[in-house]
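Number of protein chains: 2
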Amino acid sequence: MQIQPQKNEYAIGIIDSGVGGLTVAKEVMRQLPLETIYYFGDSLRCPYGPRSETEVFQFTKELVAFLMQFPLKALLIACNTATAVSLVYLKKKLSIPVLGVIDPGARAAIKASKNKKIGVIGTVGTIKSGAYEKSLKRIQPTMEVHSLACPNLVPLVESGNWNGVDSYDVVAESLAPLPKEEMDTLILGCTHYPLLTQPITQVMGENIAVISSAEETASELSTILYHQNLLAQKQTNQHRFFTTGSSDNFARIASDWLGKSVYAESVSLSTMKDCLA
Amino acid sequence: MQIQPQKNEYAIGIIDSGVGGLTVAKEVMRQLPLETIYYFGDSLRCPYGPRSETEVFQFTKELVAFLMQFPLKALLIACNTATAVSLVYLKKKLSIPVLGVIDPGARAAIKASKNKKIGVIGTVGTIKSGAYEKSLKRIQPTMEVHSLACPNLVPLVESGNWNGVDSYDVVAESLAPLPKEEMDTLILGCTHYPLLTQPITQVMGENIAVISSAEETASELSTILYHQNLLAQKQTNQHRFFTTGSSDNFARIASDWLGKSVYAESVSLSTMKDCLA
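Which chain is which? The protein sequence lines are D and Z, in order.
Mapping of the first sequence onto our numbering: position 224 corresponds to residue 224, and the numbering continues sequentially without gaps.
Mapping of the second sequence onto our numbering: position 194 corresponds to residue 194, and the numbering continues sequentially without gaps.
Incorrect hints may appear among the rest.
Any copy, or any two copies together, can satisfy a pair, since identical chains are not distinguished.
Straight line, CA to CA, 20 Å or less: simulated EDC-like cross-link-like pairs of lysine to aspartate or glutamate [as the list claims (entries may be wrong)]:
no. : residue 1 : residue 2
1   : K137      : E9
2   : K234      : E144
3   : K128      : E53
4   : K26       : E9
5   : K61       : D166
6   : K26       : D256
7   : K93       : E53
8   : K260      : E9
9   : K114      : E133
10  : K93       : E133
11  : K114      : D256
12  : K234      : E133
13  : K117      : E158
14  : K61       : D248
15  : K137      : D166
16  : K93       : E144
17  : K180      : D274
18  : K128      : D274
What the hints contain is simulated information worked out from the structure, not anything from laboratory work.
Required output: the full structure, derived from the provided sequences and hints.
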């Protein structure tokens, strides 16, 4: 019983293909301000979207093995592509709670939708996996789901121009195939997309609820930590940010997105591989 | 491993002081349409709001003991007053997940609020317990909470005139003491209040997010069932409704609120007491 208080102060591990998962990290900081985050972004091998399942699965295992060196109390897979490929495996493999970004978004959409007609946008990989559709229909078999891959949105965010003058046009063109009049809820099925919430909301109109998986995943983490008596009791957070890419680049983007100064640590791929059992 | 598939089809127990918790039951039916509900309302001894803690605690234990005769996979305490008094005890005592209505509402409010200033309305008992304030501040110690007891709202709902012409005036008068300009989120801290969402939203204005604990509790139940591999796999639901009061009255109100024909079973207090260990 003496381990319990210590364990509450363990960090929450967050992995992502790069910087996109910072939208989830930011929401965790906002909704759970006492918690400590260890974030690991695989910027060197980003994006995961167009890669094979085998490759994404292998990369994800490497990220997890590295973070699991530290005492963690929960793990968030803050990348839709990695969630689709590895969530079931990691939930079985690890003894701590593991959360992906797909199910929280699906559950929130079910809560929001009155007419049971939901749209999902994501990367080619996520949409092809059908993961959102499966998650939605497992709970509500009669749900009507309109899925759309939007390959131009991640590059728009990564370019740093997500609030530029062109972003509305790119978003409008990407979302054009969605049957807006038939659905009342849209899931942002990619952790990059919350940065485009404004143009997306503008394009979709005010009658369509826009669900950010970042916000919902943080909320679900809060629920899980509470029910497992794992909420941090005191503010001892000392977040750490690791990247396989340039630590300077990562720190610059993270500081910008999180609105506070971030120091990032560079991790080499060989170090990561050494961590694998 | 053969018990698992059976357990997924067990019912979800819901207890309440009377009919108020039907707002939670309705949300569970909407968000988790495959699940079976066993609902028990203590209409004979309703309301719980003005009763002593000891009495509410005793009554709640009796309701739980009766429902636990059936194979349940989770228990919802769909009454704020009962949650404030018995959640900690029941979580320790029972081996199934136990959810109250206070923490889900608090977590949803934390997610919704941008300025960290939140209002809470509830019965005298709930507000006096300070349960929402504790729940909010455990996660966000800097949260500013404005609590207000609204003793006139439950009678308004129970009278059946919740969508009558006078309801706006009663709501406006009840909410008048809230500093609306200083908060961006309002928690409906009583399971009766979702029936007054329309006049409450009208009075509060469109800039204040109104959080229904009914909706959030159902969503949290969905999360917990998923993470414990307890989601129902097939539609075998055969809901049952028990009441300590008149089964005809209960059935009439429940049919009206749930929008479908409901058959209610009457339970005598002596039967309940026999169930206590």
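*Up to 20 Å between alpha-carbons, please classify K137 paired with D166: within, between, both or neither.*
neither (36 Å within a copy, 42 Å between copies)
*Under a CA distance limit of 20 Å, which applies to K93 and E133: within one copy, between copies, both, or neither?*
Answer is neither: 25 Å inside a copy and 38 Å across each miss the 20 Å cutoff.
*Indicate which option fits the pair K26, D256 if close means a Cα-Cα distance not exceeding 20 Å: within, between, both or neither.*
within (11 Å within a copy, 43 Å between copies)
*Is it within, between, both, or neither for K128 and E53, if the alpha carbons may be no more than 20 Å apart?*
Within one copy only: 11 Å inside, 54 Å across.
*State whether the alpha carbon distance between K93 and E144 is at most 20 Å within one copy, between copies, both, or neither.*
neither (33 Å within a copy, 41 Å between copies)
*asked:* My question is about K61 and D166: at a cut-off of 20 Å on alpha-carbon distance, are they close within one copy, between copies, both, or neither?
replied: Close neither inside one copy (37 Å) nor across copies (61 Å); limit 20 Å.
*Should K26 paired with E9 be assigned to within, between, both, or neither, using CA atoms and 20 Å as the limit?*
within (19 Å within a copy, 38 Å between copies)
*Homo-oligomer pair classification [E53, K93; C-alpha up to 20 Å]*: Within. Shortest intra-copy distance 18 Å satisfies the 20 Å Cα cut-off; inter-copy 44 Å does not.
*Between K234 and E144, at a C-alpha cutoff of 20 Å, which is it: within one copy, between copies, both, or neither?*
between (44 Å within a copy, 18 Å between copies)
*When no copy is named, should K114 and D256 be tagged within, between, both, or neither for a Cα gap of at most 20 Å?*
Classified as between; 19 Å across copies, 37 Å inside a copy.
*Indicate which option fits the pair K128, D274 if close means a Cα-Cα distance not exceeding 20 Å: within, between, both or neither.*
neither (32 Å within a copy, 56 Å between copies)
*From the Cα coordinates, with 20 Å as the cut-off, is the pair K234 and E133 best called within, between, both, or neither?*
between (39 Å within a copy, 17 Å between copies)
Checked against the numbered hints above, the structure breaks hints 5, 8, 10, 13, 14, 15, 16, 17, 18 and satisfies the rest.
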